[in-house]
Amino acid sequence: MGDPNLLMTPAAPLDPITLAVVKSALDAIVDEMAYTVIRTARSEIVKDVMDYSAALCDAGGRMVAQAKTIAQHLGAVPDAMATVLRLFHDDLHPGDALIMNDPYEGGMHLPDVFMFLPVFVETRLEGFAVVIAHQTDMGGRVAGSNASDSTEIYQEGLRIPVVKLYERGVPSRSVLRIIEKNVRVPDRVLGDLGAQYAACRVGEREYLKLLGRYGEATVRVYVDALLDYAERLTRNEIRTWPRGRYTFTDYLDSDGLSDDPVPLTVAITVHEDGHLTCDYTGSSLQVRAALNSTLSFTKSCTYLSVRSVLRQDAPNNAGVFRCIDVVAPEGTILNPRLPGACAARALTGYRLLDVMLGALAQIVPDRVPAAGEGGNTVLSIGGYRPDGRPFVIVDMICGAWGARPDKDGIEAITNPSQNMSNTPVEVLEAQHPIRIDEYALVPDSCGAGRWRGGLGLARQYTLLNAEASLQLRSDRMRFPPWGLAGGRPARPTRNVLNPAGEARAMPAKFFHLLRAGETIRHEQAGGGGFGDPLARDPGLVAADARNEKIALEYARREHGVVLDPVTLKVDADATRRLREVRS
Amino acid sequence: MTSIATATGVRVGVDIGGTFTDLVVARSDGRLLVSKVPSTPDDPGAAVVAGLADLLGRASIAPRDVIEVVHGTTIASNAILQKRGARTGLLTTRGFRDVLEIGRIRTPDLYDLAWDKPVPLVERRWRLEVDERIGADGAVVRPLDPATVVAAADRLVAEGVDVVAICFINSYLNPVHERRAQELLRARFPALEVTASCDVLPEIKEYERTSTTVVNAYLLPIMRRYLEALTAGLARIGIAAPLLVIASNGGVVSARAAARRPVFCVGSGPAAGVAGAARLGTVAGARDLIAFDMGGTTAKASLVERGRVSLTSEYEFREGMSTPSRFIKAGGYMLKVPAIDVAEVGAGAGSIAWIDAGGLLRVGPESAGAVPGPACYGQGGERPTVTDANVVLGFLNPSWLAGGELPLHAARAREAIRTHVAAPLGLSLLEAAHGIRQVANANMARAIRSVTIERGRDPRDYTLVAFGGSGPVHAVDVARVLEIRRALVPVLPGVFTAVGMLASDVEHHVVRAHASPLAALDAAAVGTLVAALLEEGRATLHAEGYDDAGIRLELQADLRYVGQGAELTIPFAGDRLDADGVETLRRAFREEYAATYGYATDEDLELVNVRLVATGRRPSRLDFRALDVTTTPAGPTHRPVAFDRGGGLVNTPVLGREAVGPAPRRGPLILESYDSTIVVPPGAAVATDPCGDLVLTLDA
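Order-wise, the sequence lines are chains A and B. Note that the first sequence covers residues 389 to 971 in my numbering. Note that the second sequence covers residues 693 to 1392 in my numbering.
Read the hints as simulated data drawn from the structure, not as lab findings. We treat Cβ as the ideally placed atom computed from N, Cα and C, and that holds for glycine. Just so you know, not all the hints are guaranteed correct.
Claimed, not checked - Ranges of calculated distance between the beta carbons of each label pair, as one might list FRET restraints: (1) A:R866 with B:R779: 55 to 63 Å; (2) A:D478 with B:P1332: 53 to 61 Å; (3) A:D952 with B:R779: 19 to 27 Å; (4) A:D478 with B:R1279: 53 to 61 Å; (5) B:R1204 with A:A962: 56 to 64 Å.
Unchecked claim - With a straight-line Cα cutoff of 30 Å, these simulated DSS-like cross-link-like pairs (lysine-lysine) come out: (6) B:K775 with A:K957; (7) A:K569 with A:K795; (8) B:K809 with A:K957; (9) A:K795 with B:K809; (10) A:K569 with B:K809; (11) B:K809 with B:K775.
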């Protein structure tokens, strides 16, 4: 039940109805921007995988709405906006559009190019339309600019500080030419920049209409109120959590250059006034390889982890961020120094979610699932066709959710840090010299429990070109997704080169020069289980066996359930006996 | 079939909804008879047959004079929602058994770890792989192994599967393996129903194609049984006329076609109203309009331009869609079939108002439904709904619902709003009721935004055509949110969907893929393709009884910048694409692109598909000019109405709809009619047009 005081700021009582209408209008605008990107983009990574996001900020750079796109981008907008305002606050004009991708100026990694379009009413700056898109390639030593084995940001590609791509409505040929000459697939990159611009223009047009309808001053007041509203929703809920300090540690397998596990540690403190401190002190020092997560990205992943366990549906705006303090010492993997490489930082972000959920499971155990697959696997294949034309495939594979406290996990699902889609097999094959041999669930890959985790996914590729570079980034080979409350871990990740021939086991992260006809198979980890596997309803075990999601042997080994090998029906007596022995 | 051109008999339109089945009988003199009967969800045809027998009997119309029965049905959509379709099996290429279950990976919302993915319509154990492979160039990479097909079929049949769908990778380029597998299955199990993706949707993207094919298979038996039963039921009462079904694209198809490809009729219900609105708009001089249909649980919006409905080539069918965020691909069953582009929001007359934990007023998506219904129904509903707000504000008659059959309890509406909204927010009763109405209006406006602004269309350029039982209650206020200046309320808005069915044309959509950069277009090849398309369209309509005079053929090109994934559909004239034609197309694309996205470049374009819309104009279809409806005039009276927040109660004249004529009358006014209430606030005027529709004009 609502408390009337929640809606009233001390200064002026607000109209709750206008507040609701303005909120709905802002949500609609960012959705329209997001839809525009899909309709106008050129690359699979944007138009099919949907690795992009759209937001609106006010004139002070505070994010007031974000579309339902990539959650990991959520908290990075404020730091990037801060750089724009710091450098350009007295040099923004109607018709300008700025871009940047520098992780050390508030960006995330080089492929994520931010675009900011300042929105003016006459000469007054009223806000920004912002679109972030993962570009297919930004140059550097490996196609896709995603390599996890780079050791300096200078190897990773073109680093763009905040610059104007449009100045008073005129596109900058200089900037466009620099980009064109530095990326492997300029048509796609410039085309996707066009999609970002189209979406920003749509956002500008619609935001101006909103300002025109209610007046700029009124919208400003209600934007303030919406930020306060999101903060209140968040704070009120955190206040109900048990106060204390909760810690959890999880690991990345390695940075790929050495064999050392990379620990991530968090200590969450729940404060009385409803705010949280998330302190990552004790996490690994900055690593040599490209797994370093800039502070803005670390904050982003922290915010989304907390949001994932909140019951309340707060608006996607900066008000939520006010309740969450992030501490990450400089020089660590979660707040690197220049020239630390960052291209594969998403992986660190995924593990950060796991670490946060591990700690949150101690605070709100009824709402936190066991660990999921551990993040997207990114596979980049690039080369030149016989006629000299380049091709770059950036394919992402995901994923499985861990079991929930009251139900199974989910298979074939985006990591909660993202909201990505997949590239259709037929689209990949039509565009690139590649054949997909399999795209399927991996039986037995789930962590067992009273509720089981989701199954992992397999995707297998055969090269149809003379040769191509293959860069594969995966994880969870040594530290499989964990279970909760007695649930078992999931099966770890596997990479296999030429499974029908030499069947060479490959590490989690590697580079390989693929030859024509060579095949790479990736089997992703599944999701962890929740609760005692021997307490699982044998009927559910039998149903999974009938659907060939688990084998007969798995049912016996993990759940103590004996199934008739022909009918796959539960042998109740044998099951009872087996479970008695086991427990 | 010659009867189509010469018909003068009685025609019947039927809209089968969840609660009521609406029946409209149109006599050849234009007189309409209307009946609303309770639906019979277990056997939807039963209500139709009984209701129709009764209606015809009362009007002394001989069943043999009925020349056609057109109907919109939710049988297909309900079968999916309630998982009552066939036991369906699926044959796939080896390695791709899970395409259907994997889907497109996304979730409809962020930050919801309790979400559940929809259960696939075919369980994994009934999705079996066969050895075969077609390459990305259409060539056979691995020949089909018949033994694997037979083994899979044997296993499926042994498990009691009734229908088998077939979808192989890259079959859109070369259907040879799907066809062969189909033959093998039919030869071995003649009773088994088989549906191959190359016959349903020969287009790229394996998940979308598999899902569409599976839905078709899943619906085959239930749709066929339903249509057979309805045809037999109609025959029992002496109606031998053809039974037609509204397809998702708003056109009508024969019952036989619908039984063969039911996936094309999943959106049958909502499509009919939009198609009717398009036809009505053409007659009423409003060719650019927004169809706005507000019912009990949802409101729907759809755009009509130059008299044509807007089509989408894919949509996701799901329950409880509460946002028109159409870029979200998740949470439903993907159907890649032409459908009228309808945006739907969970805001209807029965939507419940509530306060969230942050103190914000929300309306919907939860609905009180027909039972218990709004608090004012007095059937046990205690939570306030949009209808309750309308009663409290005086928009709705406080004593009875339109039609007069259901008594209302205004005191219960007041109590519900006071307890659940006014008190917690510290507002007066009237302020709270206004708030509910205003939030509902904003939600409904969002549906309209998504079919206009998201497409680069300015809603102010359109007329709002409002129907559904509650559409006319909210039309003017929703129009105001979007600065729309003109609204139109048809005769019989409450059963307009059934009326609109009698106005649909027969429409066939034919698509041919032709991927080519526009700069390198082979004019001769396109010419051959266009000629074949035109021939196919003409032949199909001839076979259905239309002569050339009643046929309209329109060509369209799907174009995009090279590398994009979404196209704009641009009409083109003529049957050739020479250099001039290509230049015209290019210009038209850039204009449309700039209008939609705010910029356009001179980059290369590519042609993706050539489309034909072949329309057979039914000479006997409803002409709205001839409508003649008898209703019971409501006596002139007054009641206090709170139009504006803070404006207090205004004693407002309440008239029967018949009291309004061609001369404009200014609001405030409330008009009560047989099946709806029309609200004319201050600052608006109302008049009838020559068809008898009410035209509402809003002051700037």
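Cβ distance range 56 to 64 Å for B:R1204 and A:A962, holds or violated: holds (60 Å)
B:K809 and A:K957 were given as a pair; does the straight-line alpha-carbon distance stay at or below 30 Å? holds (26 Å)
Supplied distance hint 53 to 61 Å, evaluated on CB atoms of A:D478 and B:R1279: Since A:D478 and B:R1279 have Cβ atoms about 41 Å apart, the given range 53 to 61 Å is violated.
Evaluate the given range 19 to 27 Å for the C-beta pair formed by A:D952 and B:R779. Cβ of A:D952 to Cβ of B:R779: about 22 Å, so the range 19 to 27 Å holds.
Regarding the pair A:K569 and A:K795, is the alpha-carbon distance no greater than 30 Å? violated (52 Å)
Between B:K775 and A:K957, is the straight-line Cα distance small enough, at 30 Å or below? holds (24 Å)
Regarding the pair A:K795 and B:K809, is the alpha-carbon distance no greater than 30 Å? holds (12 Å)
Would the hint linking B:K809 and B:K775 be met if the CA-CA limit is 30 Å? It holds: about 15 Å lies between the C-alpha atoms, which stays within 30 Å.
Pairwise beta carbon distance, A:D478 to B:P1332, judged against the given window 53 to 61 Å: holds (57 Å)
Mind checking the alpha carbons of A:K569 and B:K809 for me, to see if they're no more than 30 Å apart? Given pair A:K569, B:K809 is violated - Cα atoms ~44 Å apart, limit 30 Å.
Kindly confirm whether 55 to 63 Å is satisfied by the beta carbon distance between A:R866 and B:R779. violated (44 Å)
In the structure shown, a violation is registered for the earlier hints numbered 1, 4, 7 and 10, in ascending order.
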